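Given the structure of chain A, go ahead and fit chain B onto it with the hints provided.
Spelled out, the chains give:
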Amino acid sequence: DIPLTQSPSTLSASVGDRVTITCRASQSISNWLAWYQQKPGKAPKLLIYKASNLESGVSSRFSGSGSETEFTLTINSLQPDDFATYYCQHYNSYPWTFGQGTKVEIK
Amino acid sequence: QVQLQESGPGLVKPSETLTLTCTVSGGSITRYVWNWIRQSPGKGLEWIGYIYHRETINYNFDFRSRVTISADTSRNQFSLKLTSVTAADTAIYYCARSPRDQQEWAYFFDFWGRGTLVTVSS
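Top line first, the protein sequences correspond to chains A and B.
Each residue of the first sequence is one higher than the one before, counting from 1 in the numbering used here.
Each residue of the second sequence is one higher than the one before, counting from 108 in the numbering used here.
Looking at chain A on its own, in the form it has when it is part of the complex (with noise of 0.2 angstroms):
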């Protein structure tokens, strides 16, 4: 396996901030790591998806980067639809692995 740790696992903003949520890997992973919006009782949405490609019809004040064991999502402007939990997954190798969540709350 390979463990991906996302940090902070809360955050406290406020509507118009801008967020960085970080995801480290134990070891190389490429640029192969999505990242995911999930709200309560909602499956996970893909946001990102091979470190910095924005998935279609997501909103481009999200953005991603990184590469090999360290990789962030940013979100410029964060509205109030923003307030959600964020993963990130890796698909270097088997098996996928999803960070632990990264709690987004209303300071």
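Simulated from the structure, these hints should not be mistaken for laboratory data.
Worth double-checking, as some hints may not be accurate.
Unchecked claim - Pairs of lysine-lysine, DSBU-like flavour, derived with a Cα cap of 35 angstroms:
1) B:K120 x A:K45
2) B:K188 x A:K39
3) B:K150 x A:K39
4) B:K188 x A:K50
5) B:K120 x B:K188
6) A:K103 x B:K150
7) B:K120 x B:K150
8) B:K188 x A:K107
The structure presented is a predicted model; accordingly, all values stated were derived computationally and were not measured.
Just chain B, lined up with the frame of chain A:
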């Protein structure tokens, strides 16, 4: 637009077999990769395994001795069987698609079902 819907019993007794079905609409399961993923408070999101082009199957080795994924192309469904369940298998189970046929090594999940809660209890 691809849609996925999980179905199956919401309650399974310990030591029995959990069986879930995912019905896909808006696309054929003969293309793309079809996954099972679960989510529990204790272990978070866990990828269980996938089936690809009906015959290529990969499982998370954490589940390998207990899991079977199969496909019924006539019904456009794929299924999950998990044997010898315990309380630790209580989770929301999702089916999801990976767009492997569209992109190289595209093993992320672009379409998800709504999930179904399975509780293991006597």
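Verification of the supplied hints:
1. B:K120 x A:K45: holds (31 angstroms)
2. B:K188 x A:K39: holds (28 angstroms)
3. B:K150 x A:K39: OK: B:K150 and A:K39 at ~18 angstroms, within 35 angstroms.
4. B:K188 x A:K50: Judged against 35 angstroms, a Cα distance of about 31 angstroms means the pair holds.
5. B:K120 x B:K188: holds (14 angstroms)
6. A:K103 x B:K150: holds (16 angstroms)
7. B:K120 x B:K150: holds (20 angstroms)
8. B:K188 x A:K107: violated (43 angstroms)
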